[in-house]
Amino acid sequence: MKRFLILVSAFLLLSGCSNNWGWYVVDPTTNTGWTNLKFMASGAYYTIIMSLTAILISVIVGLLVALPGLSTKRGWRMFNRTYVEIVRAVPILVLILWVYYGLPALSGITLNVFWAGVLALALSDSAFQAEIFRAGIQSIARGQYEAAQSISLNYRDTMRYIILPQAIRRILPALGNQLVYMMKMSSLVSVIGLQELTRKANELVVSEYRPLEIYTILVLEYLVLILIVSAGVRWLERRLKASDT
Amino acid sequence: MTIISMRNVSKFFGDFQALKDVSLDVTAGERVVICGPSGSGKSTLIRCINRLETHEAGEIIVDGTTLTDAPAGLEKIRGTVGMVFQQFNLFPHLTVMDNLCLGPRRVLGLSDTEARARAMSHLERVQIPDQADKFPRQLSGGQQQRVAIARSLCMEPRILLFDEPTSALDPEMIAEVLDVMTELASTGITMIVVTHEMGFARRVADRMVFMDKGEIVEIGAPEDVFTAPKSKRFAAFIKQILNH
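Protein chains in written order, with my numbering: chain R, 124 to 368; chain C, 7 to 250.
One should not assume that every hint holds.
As the list claims (entries may be wrong) - The calculated DSSO-like cross-link candidates involving lysine-lysine, where the alpha carbons are at most 30 Å apart (straight line), are:
no. : chain 1 : residue 1 : chain 2 : residue 2
1   : C       : K82       : C       : K236
2   : R       : K364      : C       : K140
3   : C       : K219      : C       : K245
4   : R       : K196      : C       : K140
5   : C       : K26       : R       : K196
No lab work stands behind these hints: they were computed from the structure.
Isolated chain R, as found in the complex (with noise of 0.2 Å):
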């Protein structure tokens, strides 16, 4: 990971003596250059409190959907697939552009950019997690289950404390997958005018005729806080392995 670093910014370093080049835009020694760094890196704001509230509410609809995929009963699975196939099929950015435009028209209820936002995100991711869940406790042995009918628990603290604390031990590492996947798919957000971080470098762009420059450092700040996500995800995982060692 270290050299992976290093190498990109020798590459940024020597391209940066290339004519094509304008590194005075993004200078921190020059005012403006500041200024416009501030500026940028102010959308982190969004793309992190917009990720995390999608991928809470995300898990917690998925949670809720993947259940009654698990039930014996046709009819709760035939919902199971019906949600998950049909929420899979629609693109991200279709579904951002049809909540914020669509949706009002449909119900009255006008969401804000990031609300909107938001709920495009966690319908869409909800699916994926569905699916996630469902396999994880799907991995539960059948012995759980058995060992905790023979000590009478009921469904929900069957699922509560035995089959939920091993399944998401074993899916963390696809939840931290897909969070990240959600700080991406969040720049999207940008086409409806949430100001986070590529909507704030596009708005850069614009006034500073400096795309190249611009998008460089976008693309470094997207590396930085999907590089913390992923060490905070590996801790995570660490920890609740410790935990039951």
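Fit chain C to the known structure of chain R by using the hints.
Just chain C now, with coordinates in the frame of chain R:
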């Protein structure tokens, strides 16, 4: 007093008939050992008693409750019947203490202190009180199975089912589990044990049941059936087991 009554019970897995018209009565406090070749239906039989398997025909009455799909009856049965599994089936993410306390707290409504006290007394009974704060994977197989027995006992069942409790154990650990079971047998709890441990059967069982191909082939007091087996199949089975 009859605590378990099975009348003409049949069970199918697809086309395969695992139980064929099985009838068996068990008196409260009785110790019954069930043996038989693999695939003979002995595990299926005891799994029907706490309804981990559903039977298709016949009637099973446990402690006055007829087994049906009705959830209320099911809850009552599971409260009366405990089960010990071949693969222990401990909850790997919980400590030994939490494995034991979960049922008493959530199902019986005991307070944390009461549950822990009860758990501790049963851990002492199976002679591993010092392992209370460990996780299952840190224990040997024999210790894990003793925890599983203690977990069942914490629910204070009237009937305890054992599904090949020593089959997954290394030979040197079988004795410690059988010792605990022998001690239990002296307490008056109704025990139904599926096992191939014939020494244990002779020592502890009030009655031996021999099953083959989904049927009860032979049943009787251990000293009778071992010395004078009535059926050829049981005679052949004992010979195999004792000479292996």
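A quick look at each hint next to the structure:
{"no.": "1", "hint": "C:K82 / C:K236", "verdict": "violated (38 Å)"}
{"no.": "2", "hint": "R:K364 / C:K140", "verdict": "holds (14 Å)"}
{"no.": "3", "hint": "C:K219 / C:K245", "verdict": "holds (18 Å)"}
{"no.": "4", "hint": "R:K196 / C:K140", "verdict": "violated (39 Å)"}
{"no.": "5", "hint": "C:K26 / R:K196", "verdict": "holds (29 Å)"}
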